[in-house]
Amino acid sequence: MPCLPLCYMPKRRRFWLWSGLLGGAASLLLVVAGVPFVHQHQLGAFVAIVVLATAAELLLVRYPLRPEYPDRGVWLSVSTPVVVATILAYGWQFGVWLDAIVSLVAGLFTMHLKSTRARWVFVNTAQSILSAAAAGLVALLFHSVPTSVLSMQGIGALVAGLAAYMLVNTLLVSITIAIAESARLSWVLGQTLLCIPRDVLLMVPISTLIAVVLAVEGAFGLLGVLVPYLALRQAFVIWAHQQALYHQTIRSLGFLVQRAHPYTGGHLQRVARWARRVAERLGLPPERCELIYEAALLHDLGKTVLDERILNKPTRLTPEEWEQIKKHPQLGAEILSDTPFLSPIAPWIALHHERPDGKGYPFGLQGEQIPLEARLIAVVDAFDAMIGGEAPNQHRLHRRPLSVEEALKELERGAGTQFDPQVVQVFKQIVREWQQQEPLAGK
Amino acid sequence: MQGIGWAILTALGALLALAYYAFVVVPARLHRLHCDGLRAFARLIELRSGGRYGRVEPFLEWSKALASRLNLSLRERRQLELAIYLRDIGMVAIPYQTLHKRERLTEAERILLARHAEIGAAIVEQIPGLRQVAPIVRLHHVVYAEQPEAPLSAHLLSALEDCLPLIVAGELETALKTLQQGAGTRYHPLVVQAILSEVRAQGLSGRRDLARSAALWL
Chain A
1 MPCLPLCYMP
11 KRRRFWLWSG
21 LLGGAASLLL
31 VVAGVPFVHQ
41 HQLGAFVAIV
51 VLATAAELLL
61 VRYPLRPEYP
71 DRGVWLSVST
81 PVVVATILAY
91 GWQFGVWLDA
101 IVSLVAGLFT
111 MHLKSTRARW
121 VFVNTAQSIL
131 SAAAAGLVAL
141 LFHSVPTSVL
151 SMQGIGALVA
161 GLAAYMLVNT
171 LLVSITIAIA
181 ESARLSWVLG
191 QTLLCIPRDV
201 LLMVPISTLI
211 AVVLAVEGAF
221 GLLGVLVPYL
231 ALRQAFVIWA
241 HQQALYHQTI
251 RSLGFLVQRA
261 HPYTGGHLQR
271 VARWARRVAE
281 RLGLPPERCE
291 LIYEAALLHD
301 LGKTVLDERI
311 LNKPTRLTPE
321 EWEQIKKHPQ
331 LGAEILSDTP
341 FLSPIAPWIA
351 LHHERPDGKG
361 YPFGLQGEQI
371 PLEARLIAVV
381 DAFDAMIGGE
391 APNQHRLHRR
401 PLSVEEALKE
411 LERGAGTQFD
421 PQVVQVFKQI
431 VREWQQQEPL
441 AGK
Chain B
1 MQGIGWAILT
11 ALGALLALAY
21 YAFVVVPARL
31 HRLHCDGLRA
41 FARLIELRSG
51 GRYGRVEPFL
61 EWSKALASRL
71 NLSLRERRQL
81 ELAIYLRDIG
91 MVAIPYQTLH
101 KRERLTEAER
111 ILLARHAEIG
121 AAIVEQIPGL
131 RQVAPIVRLH
141 HVVYAEQPEA
151 PLSAHLLSAL
161 EDCLPLIVAG
171 ELETALKTLQ
181 QGAGTRYHPL
191 VVQAILSEVR
201 AQGLSGRRDL
211 ARSAALWL
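From first to last, the protein sequence lines stand for chains A and B. Residue 259 in this note's numbering sits at position 259 of the first sequence, with consecutive numbering throughout. Residue 188 in this note's numbering sits at position 188 of the second sequence, with consecutive numbering throughout.
In isolation and in its complexed conformation, chain A is listed as follows (with noise of 0.2 Å):
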């Protein structure tokens, strides 16, 4: 039988597949390891460590990575300074045993309080025996482990081990949730990797205090610890609420011209979530996709300023009742104009009704004048309004909504013209694969 590339595998089978290499992997380390052995004076220390290693794990701060899921993204665990120090001050075999128990317990824990699947447990706990492994190799590298940190080896081989177990773990995790989320590997990555840096800087005093305490008081010295480590979690929590607070404000925006216009809800959302895969289609940075999902969340915010006698008229509309629709990209970028980090998706919302031949308003630019942001979510709105996405109950008398296959022959005639080419050809394959995913889509 030939053996399919990873990415062309069901994605079940796929997930699969990565946690028995995980697994795999994770165990072999473990038997190569072997079980550490714990003098009869350290039993003390091992046990407190296992269980400040245990509340930080189960101290859990969740990272949304997406706006419409607030419910998900990546857990980060502030167990990882603990662990390190574990590997300075008794040994590599040490540390992926004290990751392995502690994930493990932390993990089911978690399964039964916040039902948690067993096989992410699994996943995480082979994680984390992988990534310690990794900060034991790169601490021996610089410094015979166990060592003392109190030299500029020991500081040097503890940040060391501290960048790899990050590095190798976000690596881990990214491949976990590309797999898990049908996402591209690279935007999870650029969401990820960047706050290695940051996080390595904050775990160094903590993870420095640790071994220096184990080292000198053993592991009644560890209750000390305790306070920095509650500013440190406090720390992840405000990161973790920042990023979640700003989604919010989108979704909460989203929310409010919904509640006003409730027919433009669904749409809203559909072209947001098309206008991101067109974006990602056509390579787009990760940041920048991100914005245009957000942009295309909010092209018809414009439409709350207007009003709904004209919005809602089931007949056609007269000609000044078409200059105050006309209006609605340019409110739309006025409301957002004050608001620093929604400023850079206003000239989108502004021009989205723009036209690559000069006819479309409010300024009635062409080409290249118009940004391809602007260009992505006019071809994606119009296909959305054809399909009857618009206002699925309340149809127009002198519009009635058109098939998809209908819908793309419009796109194809007024590619160049009215719709940017590049992005109508991108579109069409999206929709293609739509319909292939989902047989029944658009009928």
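Read the hints as simulated data drawn from the structure, not as lab findings. Incorrect hints may appear among the rest.
As the list claims (entries may be wrong) - Listed below are the simulated SDA-like cross-link pairs for lysine to any residue, each with C-alpha atoms no more than 25 Å apart in a straight line:
hint: 1; chain 1: A; residue 1: Lys327; chain 2: B; residue 2: Thr98
hint: 2; chain 1: A; residue 1: Lys326; chain 2: B; residue 2: Glu46
hint: 3; chain 1: A; residue 1: Lys327; chain 2: B; residue 2: His100
hint: 4; chain 1: A; residue 1: Lys303; chain 2: B; residue 2: Ser49
hint: 5; chain 1: A; residue 1: Lys303; chain 2: A; residue 2: Leu402
For chain A, the structure is supplied; the task is to place chain B on it using the hints.
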């Protein structure tokens, strides 16, 4: 032993700096980010009502000065600032024609318009990070005699809603008269006192500036 001491001190110093950053700097930045996001909501209402509602600048300026006169805590001041941005958000559900009506509103329209506070609070309650602001939004037109136990921030907004448009329009005397007549019945007496003190202080500094500029010319 000396080396160990230095290592512990350095690590503790770094952690103290981290704690300061986590507990002081980041929450302040977070609040600013929150306000920046909410500015869009206020702008939306301002545009929808043709500038009649949703204005924030004079409210922010006055509330800052009055909050310190009323000894509001940092938490209350931040909530007040968020409420200023959100207070008229319920106007999004009020019909366009009512918001733009030039003639006198009918009784039914007045009742509908007054519902914006309740609708706004209902919207704000649905945004998890803003739930604590909902009571101020709901009561930002509160009458002191009816609900004296309402948050002081709500009483402050209620008084500002009535007097700021007059002050901005240059009718300071009318604004002060309205406040003084309503103290203890329509408005919270502490709030009225704070506004009067602030007006007096601003008037004094205004005269001082005038004297300074006159001295420069001479």
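field: Index of numbered hints that the structure contradicts, given in increasing order
entry: Hint check: nothing fails, all pass.
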